[in-house]
Amino acid sequence: TDMSTGHQRDPVLYVLYASPAVRSVLVTAKILNLKLDEREVDFLKGEHLKPEYLKLNPLHTMPTLNDNGNIINDSHAINTYLVGKYGQDDSLYPKDLYQRALVDQKLAFNLGKLYPILVSVDYAYLKGEIKAIPPEDIERIRTLYDFLEAFLENSDWISLGTFSLADIHCYTTISCMNFHVTLDEKIYPKSYGWMMRCRSLPCFSDDHERVKLFEDYFKSFQE
Numbered sequence: 001t002d003m004s005t006g007h008q009r010d011p012v013l014y015v016l017y018a019s020p021a022v023r024s025v026l027v028t029a030k031i032l033n034l035k036l037d038e039r040e041v042d043f044l045k046g047e048h049l050k051p052e053y054l055k056l057n058p059l060h061t062m063p064t065l066n067d068n069g070n071i072i073n074d075s076h077a078i079n080t081y082l083v084g085k086y087g088q089d090d091s092l093y094p095k096d097l098y099q100r101a102l103v104d105q106k107l108a109f110n111l112g113k114l115y116p117i118l119v120s121v122d123y124a125y126l127k128g129e130i131k132a133i134p135p136e137d138i139e140r141i142r143t144l145y146d147f148l149e150a151f152l153e154n155s156d157w158i159s160l161g162t163f164s165l166a167d168i169h170c171y172t173t174i175s176c177m178n179f180h181v182t183l184d185e186k187i188y189p190k191s192y193g194w195m196m197r198c199r200s201l202p203c204f205s206d207d208h209e210r211v212k213l214f215e216d217y218f219k220s221f222q223e
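So for the sequence shown, the UniProt record's numbering puts the first residue at 1; every next one is plus one.
The hints are simulated quantities; they were obtained by calculation from the structure and are not laboratory data.
Since no wrong hints were added, every one of them can be taken at face value.
Pairs of lysine to aspartate or glutamate residues, derived as DMTMM-like cross-links and limited to a Cα-Cα distance of at most 25 Å, are as follows:
| hint | residue 1 | residue 2 |
| --- | --- | --- |
| 1 | LYS127 | GLU40 |
| 2 | LYS30 | ASP10 |
| 3 | LYS131 | GLU215 |
| 4 | LYS30 | ASP74 |
| 5 | LYS212 | GLU185 |
| 6 | LYS212 | ASP122 |
| 7 | LYS212 | GLU47 |
| 8 | LYS35 | GLU52 |
| 9 | LYS212 | ASP137 |
| 10 | LYS186 | ASP137 |
| 11 | LYS45 | GLU215 |
| 12 | LYS50 | ASP74 |
| 13 | LYS113 | ASP74 |
| 14 | LYS35 | ASP89 |
| 15 | LYS30 | GLU215 |
All chains, please: the whole structure from these sequences, using the hints.
In structure tokens, the structure reads:
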């Protein structure tokens, strides 16, 4: 809050644009028609390790949200908060307990299964440990694609019969994973169809260039 006028300021989001976690919040904010004060954190210069950032987020990850003094660190927590506070309705994250649990289940899948593998591969490139993705990681990612295919067996969307936060989070991760291990349309037709459905939605129109940032960055590490 602006002390002099009592006005609410736009929520501040600390970002690294190539990050799928950051992208998921930007996409959600776009759907909510919410203006964010985006502040880029220079990861390569170590800005995420500076004391003032560590005060906001001891884990030194992006994104971090500062909504007029309410500090939230994890993208899943940020998005459920933003939908609850700024959403016109609850379609992205239903109030109905069972429907919400179904979305939470897939948010947990993203957080517990998809994201850790993506991060471990990314860091292996960053640390110079690999120049190409190792066969065991390819297998691990393909196993996750198998799960995804099963989730989409009877539905166009990942949790509910409609688009939800689960689709946003899983898509932003999968669209990066797809760079490392292609989501083959022939082997994973449902998952591929879902990925293309997400990609074509208006809320992702600004997101394509962020995926490209990610791809261009990791291409520079490959032989």
